[in-house]
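**Student:** Can you make the complete structure from the sequences, with help from the hints?
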Amino acid sequence: MSLIDAPAEGLDHETTMARVEAFRPDVAVLDTSTPSISNDLDFAVRIKRSLPRCSVGLVGTHPSTLPEATLREALAVDWIAIS
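Letter 79 of the sequence shown, counting from 1, is numbered 78 in numbering that gives the first Met the number 0, and no numbers are missing.
Bear in mind the hints are in silico, worked out from the structure with no lab data behind them.
Please read all numbers here as calculations on a predicted model, not as lab measurements.
A portion of the hints provided could be inaccurate.
To be verified - Computed spacing ranges between beta-carbons, pair by pair:
| # | residue 1 | residue 2 | range |
| --- | --- | --- | --- |
| 1 | R18 | W78 | 18 to 26 Å |
| 2 | A21 | P66 | 24 to 32 Å |
| 3 | A17 | L65 | 29 to 37 Å |
| 4 | G9 | D41 | 14 to 22 Å |
Backbone N, C-alpha and C define an ideal beta-carbon position, used for all residues, glycine too.
**Tutor:** Shown next, in the form of structure tokens:
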């Protein structure tokens, strides 16, 4: 298991993707909120494009509040965990 807290570490998309690709996870969980949803969905696309067999999921306030709408927007997302 690996945890990457990109905002806390000040990582950009390229550095974060390099770490994800090096780890090659079976599952990627993205913590998101309404202010960051567009950025997070873009990153989900990058993960899915690079690692198509990786199951990509979202957690957080935005997907918990708007699960159906989020899934309609997020074609690269396989699942949402509602909290």
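**Student:** None of the hints should be skipped; say for each whether it holds.
**Tutor:** To see whether the hints hold, each was checked on the structure:
1. Between R18 and W78 the C-beta distance comes to about 22 Å, which sits within the given range of 18 to 26 Å.
2. At roughly 31 Å, the beta-carbon separation of A21 and P66 lies within the given 24 to 32 Å, and the hint holds.
3. Between A17 and L65 the C-beta distance comes to about 31 Å, which sits within the given range of 29 to 37 Å.
4. The hint said 14 to 22 Å for the Cβ distance between G9 and D41, and at roughly 18 Å that hint holds.
In summary, the structure agrees with every hint in the numbered list given earlier.
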